[in-house]
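Visitor: The primary structure of each chain is shown beneath.
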Amino acid sequence: MTTTSPLHLAVALDGAGWHPAAWREPDARPEALFTAGYWAGLVQEAERGLLDFVTIEDALGLQSSRFDGPDERTDQVRGRLDAVLIAARVAPTTHHIGLVPTATVTHTEPFHVSKAIATLDYASKGRAGWRVQVSGRSHEARHFGRREIPRFSLDDLGSPAMVELIANLFDEATEYVEVVRRLWDSWEDDAEVRDAATGRFIDRDKLHYIDFAGKWLTVRGPSIVPRPPQGQPVVTALAHSAVPYRFAARSSDVAFVTPFDTGQAADIAGEVGPGPLVFGDVVVFLGDTAKEAVTRKDRLDALAGTPYTSDAYVFTGTPGQLADLLQQWQVAGLAGFRLRPATLPHDLTAITRGLVPELQRRGAFRHGYEASTLRGLLGLPRPANRYALGGA
Amino acid sequence: MPKQIHLAAHFPGVNNTTVWSDPESGSQIEFDSFVRLAQTAERAKFDFFFLAEGLRLREQNGLIYDLDVVGRPDTFTVLAALAAVTERLGLTGTINSTFNEPYEVARQFASLDHLSAGRAGWNVVTSWDAFTGENFRRGGFLRQEDRYERAERFLRTAWELFDSWQGDEIVADQASGAFLRRPGAGAFAHRDSHFDIAGQFNVPRSPQGRPVILQAGDSDAGREFAAATADAIFSRHSTLQAGQDFYADVKGRLARYGRAPDQLLVLPAATFVLGDTDAAAQERADVVRHQQVSGRTALRFLEQVWNRDLSGYDPEGPLPDVDPLVGENTVVRGRASVRMFGDPLQTARQWRELAETKKLSIRDLVIQVSGRQTFIGSPATVAAAIDELVQRDASDGFILVPHLVPGGLDEFADTVVPLLQERGVFRTEYDGVTLRDHLGLAHPV
Ligand SMILES: Cc1cc2nc3c(=O)[nH]c(=O)nc-3n(C[C@H](O)[C@H](O)[C@H](O)COP(=O)(O)O)c2cc1C
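Protein chains in written order, with the working numbering: chain A, 1 to 392; chain B, 1 to 445.
Since the hints were made in silico from the structure, they are not lab data. It is possible that part of the hints are untrue.
[Stated by the list, open to error] Some residues of chain A that are not near chain B, with every Cβ distance over 10 Å (derived):
1. Arg-24
2. Glu-31
3. Gln-76
4. Val-77
5. Val-134
6. Leu-154
7. Glu-292
[Unchecked claim] Interface residues of chain B toward chain A, partial, derived using beta-carbon atoms under 8 Å:
8. Arg-72
9. Phe-195
10. Asn-202
[Unchecked claim] Computed footprint of chain A on chain B; a stretch qualifies when at least three of its residues, placed anywhere within it, have a C-beta under 8 Å from a C-beta of chain A:
11. 24-37
12. 50-57
13. 388-397
Source: prediction; values computed, not measured. Cβ coordinates follow ideal geometry from the N, Cα and C atoms, glycine included.
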């Protein structure tokens, strides 16, 4: 089935790709993972494919095959650079694509994250976003030593203690995003007046204390950074169940969700929308033929020692088959997709040079960048400043 | 061979050094301004680019201070973006040790060092006040007396994290399937009176091992902290006598920590005004001073010492005859400079005497005592003065603060730098790659 309404397309960049054996592919560059050139090359490729944005994965702890701590494995990529800094480093080397780094809220300060993302928006001239990440991992809490998070494994997911912890972490995240958003608005757009006649650099009446006092956070403000070019950079969040859906619905501009079929895509889009744009996350193993894609996955699985599983739907097939799936799910209610390349650069270039031309042929994807900001690409208006309107 | 001079470029921020009202002044926020200044510094073969930081907007009399530049971008983000548009220039920034956590800051600096191929530097500052704390989870939790203790523990903890990867862990052997040589990379456990943390650090060892450490405190505790930990000290003593005293003082403290004098560079902040002749430069300097210090700015400056609202006074008239209010300064908030005036009564007395002797108005007095112009003269005069201060051990070089962005360094790069090069006291090409290389510092093992 086909549709002509354009869809939005992002890729999620992580290490050598999402498959744990991705770094062993012949075209992988595992020795370059910690260089600027590696990241700039990937994002420039995504930009050649006219994608809306890239996300950059991150966490405050070492990668692990376990939820509750490092796994002592030596056969997978371990170690990563700070995603906000990667995005900043890449910003001057790209011109159109949105840059959406991950930053954890659980142990960090909203004041710092707010100014970092605002500054990324300046350095990229309006292309910044942020993927909000909550951490419920005890070993990450130990890196800060400021609070205890009890140790859970994923099997405890439904336990009352973990349900309560998750609810609290997302309540805190809701406050956190609200603080960050208020800080972005704490300067009105025209606050810098440079009025030589009166000697005033700013009109201080256009700067606002946010005076946020919640259950988790109290922050006075205003920000030290003037309102960023987009007014509000694009806030995104990955959500898998009811509590995070509610968080994403209230706090995000783009929600990444993980349906496994068209029916789920429709249900989740209904639950999370209509506030944020709802994007489906899909892990992709692409090949010139379906068989080739399956063979690739099998080969990687054999290297890893186990079949690859994911929180998101795992697609194997050709770019054309992927285009079919995306268009079906789009009709079910998704605004776009965040594709997770199983290996880099292979699956990224299969997206930019295979999937994108196919979608263009179908009239379902842009032929050129039509806006200069990430909000513009996503069709999101530049928000008015809440304080300029006299609100809080 | 004469002593080699180190030079750095400070992007001028929220102090009244910056003349924002000049038609040549560009944005203090737009990234292009940072690019231009950094690229000029690199063209001139400077050691590094420097960013200051303040974590709350300054206030006076309960209102956000509006006479100087207000607002600045995030340190880490600007430096990482500048790494894309420069190749050799060191990228140093100010990051506070009170309102941050070691794990997070160590990750950011290690990442910056990777992303810049070894050019990161960290100016560790210790602002602790409750006023700034209102922007953070913990509020104002630290006593002033404890700020350097926390800074020292913070830095040592960060060092343990930087050292938690030794540098040989990543083998990335596609054939054998060994990404890491052994498990446990980045393992750390640290406990002291400020930090109790453990786990595995998730950034591999960076090109410099550890970023270069700068320190900018001036108190006895600050100097001791620098002697114990820093690679360079950013001071405010840029005249011959004060510079030599400071230089001898901090270098003299090093032996106690088993360190040699060349392991801590002394780099005072310095401004400059150039002209075709010394007289022309002097004239220009006078214009700049008056741009920097308006009547209103002068009164606000005086309030830093008087700790009172002085808005009723005439800036072209005599100094206030009332005495400063002693105690916590409640009029001026968020300015490091307030702490410069340890004894306000004595400062006021001295300034009054100076004003009476020289018949100075408030504005003239402030222009005189807040002297922000280190080097004034023709390029030849300025090059000679810089060289002399360095050869006579008043400093190891300077962190230059132009009064204009983004073009304020151009003239210096074009006229003074070649003269220093002719004298054989400043590099004509970078001979190393990392910031440590530029500063002549050993790479930590
Ligand atoms: C040249 C110079 C530059 C400084 N820059 C900053 C800065 O950017 N941000 C900051 O918070 N403090 C800055 N400071 C303040 C000091 O780092 C220190 O926190 C303050 O002077 C109090 O410490 P002290 O009592 O040891 O001087 C600077 C100080 C000097 C001398």
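Visitor: Decide, hint by hint, whether the structure agrees.
Guide: Against the structure, the hints:
1. Arg-24: Nearest chain B Cβ is 5 Å from Arg-24 (chain A), so the label is violated.
2. Glu-31: About 5 Å separates Glu-31 (chain A) from the closest Cβ of chain B, which leaves it inside 10 Å; violated.
3. Gln-76: Check fails; 6 Å does not lie beyond 10 Å.
4. Val-77: violated, 6 Å
5. Val-134: holds, 16 Å
6. Leu-154: holds, 19 Å
7. Glu-292: Given that every Cβ of chain B is farther than 10 Å from that of Glu-292 (chain A), nearest at about 20 Å, it holds.
8. Arg-72: holds, 6 Å
9. Phe-195: The hint holds - Phe-195 (chain B) has a Cβ within 8 Å of chain A, the shortest such distance being about 6 Å.
10. Asn-202: OK, holds: Asn-202 (chain B) within 8 Å of chain A, min 4 Å.
11. 24-37: holds (count 4)
12. 50-57: holds (count 4)
13. 388-397: violated (count 0)
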